[in-house]
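Protein chains in written order, with numbering that gives the first Met the number 0: chain A, 0 to 200; chain B, 0 to 200.
In case anyone wonders, no lab produced these hints; they're calculated from the structure.
One or more hints might be untrue.
So the derived label-pair ranges between C-beta atoms look like this [to be verified]:
1. 134(A) x 7(B): 31 to 39 Å
2. 140(B) x 36(A): 49 to 57 Å
3. 146(A) x 179(B): 46 to 54 Å
4. 121(A) x 7(B): 55 to 63 Å
5. 11(B) x 101(A): 43 to 51 Å
6. 75(A) x 57(B): 41 to 49 Å
7. 131(B) x 179(A): 33 to 41 Å
8. 184(A) x 184(B): 20 to 28 Å
9. 191(B) x 116(A): 47 to 55 Å
10. 183(A) x 55(B): 13 to 21 Å
11. 127(B) x 183(A): 55 to 63 Å
12. 147(B) x 101(A): 29 to 37 Å
13. 134(B) x 36(A): 26 to 34 Å
To give a feel for the contact side, a few chain A residues facing chain B, derived at Cβ under 8 Å [what the hints assert, rightly or not]:
14. 6
15. 9
16. 20
17. 22
18. 38
19. 43
20. 49
21. 66
22. 67
23. 192
24. 194
25. 197
Yeah, the Cβ is synthetic: ideal placement off N, Cα and C, and Gly gets one too.
Protein chains: 2
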Amino acid sequence: MAERIAGPEIERLVQLLARLPGLGPRSARRAVLHLMRKREELLGPLGEAMRVAHERILTCTTCGNIDTSDPCAICRDGRRDAGILVIVETVADLWALERAGLLAARYHVLGGVLSPLDGVGPNELNIASLMQRVSEGSVREAIIAVNATVDGQTTAHYLADLLAPLGVKTTRLAHGVPVGGELDYLDEGTLAAALERRTAF
Amino acid sequence: MAERIAGPEIERLVQLLARLPGLGPRSARRAVLHLMRKREELLGPLGEAMRVAHERILTCTTCGNIDTSDPCAICRDGRRDAGILVIVETVADLWALERAGLLAARYHVLGGVLSPLDGVGPNELNIASLMQRVSEGSVREAIIAVNATVDGQTTAHYLADLLAPLGVKTTRLAHGVPVGGELDYLDEGTLAAALERRTAF
């Protein structure tokens with residue numbers, strides 16, 4: 000009975016929406032009912048935006064970002080310093096750094112981190128293309144901006160070892176207390192790093 | 000800078016997805032990246048399912064359910080007892096009752112509850128059409144299945160008063176301890192109702 004209450008079209012929409020991260024069957028049903036109420040303002044435009052995205056969006060063959068052009072807008076942007084290459088795990092991380100708007104550099108998206116238990120070795124990541132880019136000579140500094148997880152840091156050390164012979168300066172993000180963070184909620188590793196690298200007023 | 004990182008098509012998709020209940024800007028971005036990774040299995044089909052839904056889905060003029068036909072499948076279903084009418088606040092509540100599969104009745108969706116502070120009076124709800132349906136004579140029992148909130152219960156009493164002169168039996172859902180519920184977490188009103196209506200083993 001449950002499968003037939005609202006017609007196969009609605010049921011299919013619920014099932015597809017439930018596959019998005021952050022949505023389960025219940026929230027997908029709520030989302031569908033919301034879409035039905037906002038048919039012209041939201042359901043129509045969203046379907047159209049998905050069609051357009053499906054047709055036009057590409058993965059940049061240079062850096063691994065997604066965009067409607069290849070190379071992507073960041074790789075084509077002449078105002079960015081091609082000498083600084085920020086290496087990130089995912090496009091989400093690239094977006095996070097771009098939203099912060101802290102540096103006008105280029106990126107390289109690894110597509111994940113080394114994780115032998117999950118069968119992710121160097122060949123599963125965009126490491127060959129990274130070496131290729133760096134060996135072309137224009138990169139002065141490679142900022143390894145991977146997550147501060149065990150797999151992330153393993154990957155960072157692996158990349159630093161690979162990059163060392165190419166004569167490029169390799170850096171990584173600092174550890175410390177997050178801005179607005181409360182000491183009581185931080186792990187010992189973070190506190191140790193923050194203490195060790197304490198700075199003068 | 001933040002608005003231009005990934006092209007207007009992706010930004011538009013993020014903004015539209017962020018308007019779904021349960022998704023904010025951050026989870027909408029995660030959803031878009033997930034859609035990009037699952038382009039053929041998810042992005043394409045989801046866009047198409049939304050287009051189909053936008054084209055075909057109607058609100059049933061009899062009961063207020065949504066479906067691809069009007070009257071909806073429930074209103075057309077001859078195996079259901081037209082003598083029992085379940086009055087619910089929203090289509091989501093109708094779906095919840097149908098999923099439970101407890102009764103083969105007809106429904107009437109109010110479209111909300113009375114809420115004078117929010118400007119929702121009887122004219123803003125599907126109450127005229129409810130009176131019309133009940134006065135046609137085939138309804139024996141009206142089950143007022145609104146939420147156990149203050150506004151819901153106010154609406155229930157209002158409807159019971161309206162329905163009384165029509166000679167239809169009017170009932171409402173029982174209060175009590177939810178199945179699996181722990182007494183320690185229940186409010187006093189629920190405990191009082193559960194005690195008062197206690198049943199013999």
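With 8 Å as the cut and Cβ atoms as the points, is residue 197(A) at the interface with chain B?
Constraint on residue 197(A) not satisfied, violated at 31 Å.
Interface hint for residue 194(A), Cβ within 8 Å of any Cβ on chain B
violated, 31 Å
Do residue 134(B) and residue 36(A) keep their Cβ atoms within the hinted range of 26 to 34 Å?
holds, 28 Å
Take a look at whether the Cβ-Cβ distance between residue 134(A) and residue 7(B) falls inside 31 to 39 Å.
Since residue 134(A) and residue 7(B) have Cβ atoms about 34 Å apart, the given range 31 to 39 Å holds.
Given residue 49(A) as an interface hint, is its Cβ closer than 8 Å to any Cβ of chain B?
Holds - the Cβ of residue 49(A) comes within 8 Å of chain B, reaching about 3 Å at its closest.
Lying within 49 to 57 Å: is that true of the beta-carbon distance residue 140(B) to residue 36(A)?
violated, 29 Å
Note whether the CB distance of residue 183(A) and residue 55(B) lies within 13 to 21 Å or breaks it.
violated, 55 Å
Can residue 43(A) be said to touch chain B, with a Cβ gap under 8 Å?
holds, 5 Å
Interface hint outcome for residue 67(A) [beta carbon to chain B under 8 Å]:
holds, 5 Å
Assuming the hint says 47 to 55 Å, is it satisfied by the Cβ distance from residue 191(B) to residue 116(A) or not?
holds, 54 Å
Is 43 to 51 Å a correct range for the gap between the Cβ atoms of residue 11(B) and residue 101(A)?
Cβ of residue 11(B) to Cβ of residue 101(A): about 25 Å, so the range 43 to 51 Å is violated.
Cut-off 8 Å, beta-carbon criterion: hint that residue 192(A) touches chain B:
violated, 26 Å
The structure is inconsistent with the numbered hints 2, 3, 4, 5, 7, 10, 12, 23, 24 and 25, although it conforms to all the rest.
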